[in-house]
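Asks: Residues per chain, in single letters:
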Amino acid sequence: ETGVTQTPRHLVMGMTNKKSLKCEQHLGHNAMYWYKQSAKKPLELMFVYSLEERVENNSVPSRFSPECPNSSHLFLHLHTLQPEDSALYLCASSQDLRGRGDTDTQYFGPGTRLTVL
Amino acid sequence: GQQVMQIPQYQHVQEGEDFTTYCNSSTTLSNIQWYKQRPGGHPVFLIQLVKSGEVKKQKRLTFQFGEAKKNSSLHITATQTTDVGTYFCTYSGAGSYQLTFGKGTKLSVIP
Numbered sequence: 001e002t003g004v005t006q007t008p009r010h011l012v013m014g015m016t017n018k019k020s021l022k023c024e025q026h027l028g029h030n031a032m033y034w035y036k037q038s039a040k041k042p043l044e045l046m047f048v049y050s051l052e053e054r055v056e057n058n059s060v061p062s063r064f065s066p067e068c069p070n071s072s073h074l075f076l077h078l079h080t081l082q083p084e085d086s087a088l089y090l091c092a093s094s095q096d097l098r099g100r101g102d103t104d105t106q107y108f109g110p111g112t113r114l115t116v117l
Numbered sequence: 001g002q003q004v005m006q007i008p009q010y011q012h013v014q015e016g017e018d019f020t021t022y023c024n025s026s027t028t029l030s031n032i033q034w035y036k037q038r039p040g041g042h043p044v045f046l047i048q049l050v051k052s053g054e055v056k057k058q059k060r061l062t063f064q065f066g067e068a069k070k071n072s073s074l075h076i077t078a079t080q081t082t083d084v085g086t087y088f089c090t091y092s093g094a095g096s097y098q099l100t101f102g103k104g105t106k107l108s109v110i111p
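Read top to bottom, the protein sequences are chains A and B.
In terms of my numbering, the first sequence opens at residue 1 and continues consecutively.
In terms of my numbering, the second sequence opens at residue 1 and continues consecutively.
Next up, chain B with everything else stripped away, as it sits in the complex (with noise of 0.2 Å):
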């Protein structure tokens, strides 16, 4: 069956420094979405990739999803303490509404 690993499972980092997560896939994804969740909080969609080689920025947030569609980074430029929480990617397979979650990234920003 499709399966995804989300690497690291955790990272420390020393705000100002960058960080990347990353999704890879043993198939290819029809799309992947990646959601961010803050401690004690729920999960809050951040982005959706479907294209081959897409790549999105959202301020300090940079998205690619693969040429092959089989992975997917996000990269988070000069952390700051606010980026503090676990990043999950997610996918549904071709056809299904079911989303997939990994088991994400948890990001601790040391100040």
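Bound-form chain A, shown alone (with noise of 0.2 Å):
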């Protein structure tokens, strides 16, 4: 499957450090998404974007930084992250928001293994 695509695949850091993790969509969706998959707690939604607007954001630390430049873009800035926020960060996106009894389907990225040291 290629329709949602991330890089790095991994990535290892140093708690002073900056990167940026990035996701492409190509699938002309309009909503994407950034979630964090540690191995001790279920998957955790961290940002949405609906036409590159930000419409969701979940009591995320202020170390972790979106930007969606376009529809089909997505990054995640990292910045003097902690040894806990080690886990595998996902992408996806979805055609478009919907908010009634159906939900959009969410096609996810490989994802982005994190490491800090």
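Hint data in this document are derived by calculation from the structure and do not stem from the laboratory.
Glycine is no exception: its CB is placed at the ideal position from the N, C-alpha and C atoms.
There may be inaccurate statements among the hints.
Claimed, not checked - Below, computed lysine-lysine pairings styled on DSSO-like, alpha-carbon distance capped at 30 Å:
#1 K103(B) <-> K36(A)
#2 K40(A) <-> K106(B)
#3 K70(B) <-> K22(A)
What the hints assert, rightly or not - The following residues of chain A were derived to be distant from chain B, with all beta-carbon distances above 10 Å:
#4 T2
#5 P8
#6 E24
#7 L43
#8 R63
Using the hints, put the two standalone chains together into the complex.
Replies: Take a look at the structure:
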């Protein structure tokens, strides 16, 4: 599946580094999402963008900063992370945000495995 | 608040045996979706159920949505090693686009 791509696939960084995760969707979708998946917790929604506007920010620490320059690209800028931020970061996209009885299917990218030393 | 429990958390089966995972909610769900995540992979959409009592089949997989829309199940007939992975049920509240993922059921298939 190449509908949603993420780079890099693996990243190791120190707590003082600044790095960015990139997500690109080739599906013509209008909504994009960042999720965090760590070993001991369920998949956690971090940010939601619809038509390049942020519509959801689930109390994510400011050391995570999203950017959505257009409907096909989504970035997650990282700075001064903590070891507990080590996790798999997944990007997803869906056609739209509906909020009715049916929910748009979300298509996930392969994720970036992040390790913070 | 709305709580959805997925059971069991882990399941080990012999290849060829059947497998079932259940999602139970304390409140009525507007819809439920099922995803599968292979080891080292990412969640992949399987199915969405919207109607009360809905049953959908995909080859050896059977998905059900309860009459009261408070529970759902995924049943795999005659498991194969390719079925290995974690199966998640997800749901969104009425009027919400946000999917909430459960902890999932991790399936291991012994050849």
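Asks: Indicate, hint by hint, whether the structure satisfies it.
Replies: Here is how each hint holds up against the structure:
1. K103(B) <-> K36(A): holds, 13 Å
2. K40(A) <-> K106(B): holds, 13 Å
3. K70(B) <-> K22(A): It is violated: about 37 Å lies between the C-alpha atoms, which goes past 30 Å.
4. T2: Fine: 12 Å to the nearest Cβ keeps T2(A) off the interface.
5. P8: Holds: least Cβ distance 15 Å, greater than 10 Å.
6. E24: Label holds. Min Cβ-Cβ 15 Å, cutoff 10 Å.
7. L43: With a cut-off of 10 Å, L43(A) comes too close to chain B, as the shortest Cβ separation is near 4 Å.
8. R63: Check passes; 22 Å lies beyond 10 Å.
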